[in-house]
Amino acid sequence: MSELKGQLTLEYLISFVVFIGLVVYIYLLYSKNIPSFVQEVEKEEVRSKVYQLSELLINDPGEPDDWDVNPPIERIGLSDQNTNKPNLISKSKIDKLNNTFDCSVDAEYDELQDLFALNRQFSINISDIDQTNGQRTELFVCMPRPGRIRRTGIESKVTRITAYNDSGDIKLAEVIVKVW
Amino acid sequence: MKGIVTILEVMLTGVILILAFLHFFPQYSVKTEWDSVLLSVKVRDTLNTIDRLNKTYEFATNNVSFDNFMNNIFYPEMTEGVLIWWKEVDGPEEINLTDYRVPYFTEGHKESMVDVVNISNTYYNYTFTLGLGYPY
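From first to last, the protein sequence lines stand for chains E and Y.
For the first sequence, the numbering used here assigns the number 19 to the initial residue and increments by one for each residue that follows.
For the second sequence, the numbering used here assigns the number 52 to the initial residue and increments by one for each residue that follows.
Think of the hints as simulated: they come from the structure by calculation, not from any bench.
Glycine included, each C-beta is placed from N, C-alpha and C at the ideal position.
Check the hints yourself; a few may be wrong.
Claimed, not checked - Label pairs and their in silico Cβ distance ranges:
no.	chain 1	residue 1	chain 2	residue 2	range
1	Y	GLU109	E	SER49	53 to 61 Å
2	E	ASP124	Y	GLU158	40 to 48 Å
3	Y	ASN122	E	MET161	54 to 62 Å
4	Y	ASN147	E	VAL56	56 to 64 Å
5	E	GLN57	Y	GLU145	51 to 59 Å
6	E	GLU60	Y	ASN122	30 to 38 Å
7	Y	TYR175	E	PRO53	39 to 47 Å
8	Y	LEU59	E	PRO53	35 to 43 Å
9	Y	VAL133	E	ASP148	47 to 55 Å
10	Y	ASN147	E	ASP124	56 to 64 Å
11	E	TYR48	Y	GLU109	52 to 60 Å
12	Y	ARG152	E	ARG93	41 to 49 Å
To be verified - For lysine-lysine, the following DSS-like pairs were computed, each having C-alpha atoms within a straight-line distance of at most 27 Å:
no.	chain 1	residue 1	chain 2	residue 2
13	E	LYS196	Y	LYS82
14	E	LYS61	Y	LYS106
15	Y	LYS161	E	LYS196
16	E	LYS50	E	LYS189
17	E	LYS189	Y	LYS106
18	E	LYS67	Y	LYS161
19	Y	LYS161	E	LYS175
20	E	LYS50	Y	LYS82
21	E	LYS103	Y	LYS161
22	E	LYS67	Y	LYS106
23	Y	LYS106	E	LYS109
24	Y	LYS82	E	LYS175
25	E	LYS189	Y	LYS82
Unchecked claim - Selected chain Y positions facing chain E (in silico; Cβ < 8 Å):
no.	residue
26	LEU63
27	THR64
28	VAL81
29	THR97
30	ARG103
31	THR112
32	GLY159
33	MET164
34	VAL168
Okay, chain E solo, but in the shape it has when bound (with noise of 0.2 Å):
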């Protein structure tokens, strides 16, 4: 027996205690780091959704490209086909829009949701610019029920400008998309 004393000196305890303590401490440094991280992955999914979004409804026409005449919708975009130039979208779709979505009723605003492929709730609003005074008028308002929206947390938004073309008269707008 006698020649097993002192295998486990009080030293090589502290030692592998100091170890351990190390190990553990770099261990809790790096892994805070982990869930935000997650949040910015979600947070540039989130930005590139709202993007391609404002980008489908200003300088997309849609599928049919006359679908604001010619329905069944594949496919929502509010660029005006006749022209075909960025940034110039069509008052006939957004009132075909306004006319169709009522987004207050929750089949329609998911059937839009699905149009568009989100997975993620969004609202869109588009409205008129008077040049002279900078005054918005709304021309088209689509968001989720007050009880249904599902706030996560991470939410993005994009203003565009644009102009829309009012039977010959072309006009200024913006558009607000949010996507949460």
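Let chain E serve as the given structure and place chain Y on it in line with the hints.
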């Protein structure tokens, strides 16, 4: 002395371990170009919209009209911050382009377009550049 050496070895190992971790896993930071991209999207949208509204020549020659237009679009509540703008024009003297003072900015983005104007049955080319930026 033997035990002290062991403790010193562990300390040394710990320090090497920390340095190695810091080297291979640098302090986590997220860099995003989102604000910068949004600014360039705003510039492109505004320039395209000015062209769609057929206001390019008017804004190239009239600073008051240009400022009114930009003020109506980019008021602080809308932009959730302060944005500044400027224009740069380049073309023949015959078409009376007006210079504009470029403001101080910390970050800015500009884009140009070439337009044609017909004055007294003569066509003139000129460049209209729009800039947007953050003052601070």
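**Q.** Y/GLU158 and E/ASP124 - C-beta distance against the hinted 40 to 48 Å
**A.** 42 Å, holds
Q | Distance restraint hint 56 to 64 Å, applied to the beta-carbon atoms of Y/ASN147 and E/ASP124 | A | For Y/ASN147 and E/ASP124 the Cβ distance comes to about 58 Å; the hint holds.
Q. Is the distance from the Cβ of Y/ARG152 to the Cβ of E/ARG93 consistent with 41 to 49 Å?
A. Given about 45 Å between the Cβ atoms, the range holds.
Q: Using the beta carbons of E/TYR48 and Y/GLU109, state whether their distance is inside 52 to 60 Å or not.
A: The hinted range 52 to 60 Å holds for E/TYR48 and Y/GLU109, with Cβ atoms some 58 Å apart.
Q. Are E/GLU60 and Y/ASN122 spaced within 30 to 38 Å by their CB atoms?
A. 36 Å, holds
Q. Is the gap between the beta carbons of E/GLN57 and Y/GLU145 within 51 to 59 Å?
A. 57 Å, holds
(Q) Between the alpha carbons of Y/LYS82 and E/LYS175, is the straight-line distance 27 Å or under? (A) With Cα atoms ~19 Å apart, Y/LYS82 and E/LYS175 stay inside 27 Å; holds.
**Q.** Restraint status (C-alpha distance of E/LYS196 to Y/LYS82 at most 27 Å)
**A.** 22 Å, holds
Q | Hinted contact Y/THR97 with chain E - closest CB pair below 8 Å | A | With a minimum Cβ separation of about 5 Å from chain E (threshold 8 Å), the hint on Y/THR97 holds.
**Q.** Closest C-beta approach of Y/VAL81 to chain E relative to 8 Å, hint status
**A.** Check passed: Cβ of Y/VAL81 comes within 5 Å of chain E, closer than 8 Å.
Q. Is the gap between the beta carbons of Y/ASN122 and E/MET161 within 54 to 62 Å?
A. Once the Cβ atoms are compared, 28 Å apart, the range 54 to 62 Å for E/MET161 and Y/ASN122 is violated.
Q. Does the interface hint hold: is Y/VAL168 within less than 8 Å of chain E, judged Cβ to Cβ?
A. Hint on Y/VAL168: violated, closest Cβ of chain E at ~18 Å, above 8 Å.
The earlier numbered hints that this structure contradicts are 3, 7, 9, 14, 16, 22, 25, 26, 31, 32, 33 and 34.
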